[in-house]
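Number of protein chains: 2
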Amino acid sequence: MPVQFGDDVSAFETEKGKLVILKTDMLVDRTDVPPRMTLRQAARKAVVMNVSDFAAKGVKPVAALVALGLPRGIAKGNVEEIGAGLNDGAHEYGTYIIGGDTGEASDLVIAVSLFGLAAKGTLMLRSGAKSGNLVGVTGLFGKTSAGLRILVKDLKTPKSIRKTLIDSVLMPTARLKEGLALAGTGAVTASIDSSDGLAWSLHEIARSSQVGICIDSLPTAEPCRTFAISNKLDLAELTLYGGEEYELVLTVKPGMWKRAQEAVENVGGSLFKIGKVTSRKSVVLTNRGKRIPIDARGYEHFMSQ
Amino acid sequence: MPVQFGDDVSAFETEKGKLVILKTDMLVDRTDVPPRMTLRQAARKAVVMNVSDFAAKGVKPVAALVALGLPRGIAKGNVEEIGAGLNDGAHEYGTYIIGGDTGEASDLVIAVSLFGLAAKGTLMLRSGAKSGNLVGVTGLFGKTSAGLRILVKDLKTPKSIRKTLIDSVLMPTARLKEGLALAGTGAVTASIDSSDGLAWSLHEIARSSQVGICIDSLPTAEPCRTFAISNKLDLAELTLYGGEEYELVLTVKPGMWKRAQEAVENVGGSLFKIGKVTSRKSVVLTNRGKRIPIDARGYEHFMSQ
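Going line by line, the protein sequences match chains A and B. FYI, in the numbering used here the residues of the first sequence are -3 to 301. FYI, in the numbering used here the residues of the second sequence are -3 to 301.
Calculated directly from the structure, the hints in this document are not laboratory data. Be aware that a few hints might be false.
The list makes no distinction among identical chains, and a pair is therefore deemed to hold if it is satisfied within one copy or across any two copies.
Claimed, not checked - Think about it this way: if two alpha-carbon atoms lie no more than 20 Å apart in a straight line, the pair counts; the simulated EDC-like pairs of lysine to aspartate or glutamate are:
| # | residue 1 | residue 2 |
| --- | --- | --- |
| 1 | 56 | 9 |
| 2 | 152 | 218 |
| 3 | 72 | 296 |
| 4 | 116 | 11 |
| 5 | 56 | 261 |
| 6 | 56 | 11 |
| 7 | 277 | 212 |
| 8 | 286 | 233 |
| 9 | 269 | 218 |
| 10 | 269 | 212 |
| 11 | 272 | 291 |
| 12 | 249 | 212 |
| 13 | 277 | 291 |
| 14 | 152 | 230 |
| 15 | 72 | 84 |
Work out the full structure: start from the sequences and follow the hints.
Structure representation (structure tokens):
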């Protein structure tokens, strides 16, 4: 198999060296659609969360299929909103919906399947990290942790950052152009998206690649820091164990860091260095000389927050 | 687009003449899993209903993805049963599960996506029926109508046919080998599966191909006839408007009927002639010189029965 079971996408070799890339993921309103997210945003998110997995592998999504479970008696206007959101997501990432099916369900269920093409050997898998590689991320973390706490628990926050934090949850972005640019450099040895939280992503790379990871700075987004202070919340908790945050978490050959960073910046993105891959098989954060273990726990869904 | 929106599968042309075929369909326990169907059978059915669409197009399924929505707290044994059923379905049709995702939902939701390859021009679409073509089916109808009435409404039936009728619902079969054999003949001008009922399938071919269809004999399966008599039920209703019956409904060039029939019989199947395609745009059943309209209504799900 060109891609191991459990990686972000599946692959099938159709001809020598040519891969068909497939991915399916299901959004369920009860667990994946927080308060105040519109149906249109929810449907868009169902596409974005699949595109993010393609981004992490460096594969352009070509077409999408949608299986829709709709509660009995749903209004026509609501179905149209869902259709509009699916198209929003598809168009934003240069793909389109080529088919699908609808049925009846208790929840609103949106199962998106993505299809793409890739050359064997260009995929950024979870399993290639080597000791000495640098660990990079395409953005800073914690905005969605904060945003979810505002939406679900109604936590207070300064007005100046409130919209940024909420929008990070309602209108998430997949790092597709960054992923495609990085795949072209040959600099990346392992990659995953951070939809289950930064800590989980680091542990997944470590486990799949049989290595450890040492993070030397907590990559917290500034608005999350402000939110943490004003609500007396733990910064590491918000940064490491959030989720529904679609950054890429990558390991990069040290001699090619600059090249990787330039590739990302050329498409308007950022690449932040946060640590390095170690041979010692643990995932830790160093802080003033102390090694603090990072738990292998991941984001579940907003109802558990 | 190589295949019109609304046909049984979607297709994408990767290189000149080469198509990737994709399909997704969702099974929801509340509406698609009748009483007495085990979880293993339900999961198998989720695969079969997708394979049936591939069968109707004459495309071999290569690999499957599964997005699973599981009720909170489902027992590990139940999840294993579901896994076993998915593998049952995949193995029966020579394909395998290459990936998927799980999440939480109120219902048990199984969204299967299938992937296959085809050469352009070999697909049996819904839209190619021509006036004068013969209408054929790969099996006789009404067993699932009867079986569902036994399972849901507890209708009585002679013991000799009870298991046949119930098994038609619990262990449905996709006509994959028949579909693949037929695609190879070049005899078929339009094709669809009968998952939404025979009447619906006929109307879909008629509508997509801009033709009419005249059925000259009701293709009722013998056990269904017996069931109808013993329960005083309408035979046409059971035969035409049932569903979850995965036969193929096809139109065939009249000069190539024999060839089509032989191709199906060579793989152990049957092909029954039930009528012909007309230029007059109506779908009717003729009975002793009378033309009885066939309604454009389809099977919904067992809870509506």
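Status of the hints after comparison with the structure:
no.: 1; hint: 56 to 9; result: both (17 Å within a copy, 16 Å between copies)
no.: 2; hint: 152 to 218; result: within (16 Å within a copy, 70 Å between copies)
no.: 3; hint: 72 to 296; result: between (31 Å within a copy, 18 Å between copies)
no.: 4; hint: 116 to 11; result: both (10 Å within a copy, 17 Å between copies)
no.: 5; hint: 56 to 261; result: within (19 Å within a copy, 44 Å between copies)
no.: 6; hint: 56 to 11; result: both (19 Å within a copy, 16 Å between copies)
no.: 7; hint: 277 to 212; result: within (16 Å within a copy, 73 Å between copies)
no.: 8; hint: 286 to 233; result: within (17 Å within a copy, 76 Å between copies)
no.: 9; hint: 269 to 218; result: within (16 Å within a copy, 72 Å between copies)
no.: 10; hint: 269 to 212; result: within (9 Å within a copy, 74 Å between copies)
no.: 11; hint: 272 to 291; result: within (17 Å within a copy, 67 Å between copies)
no.: 12; hint: 249 to 212; result: within (17 Å within a copy, 72 Å between copies)
no.: 13; hint: 277 to 291; result: within (13 Å within a copy, 67 Å between copies)
no.: 14; hint: 152 to 230; result: within (15 Å within a copy, 65 Å between copies)
no.: 15; hint: 72 to 84; result: within (18 Å within a copy, 38 Å between copies)
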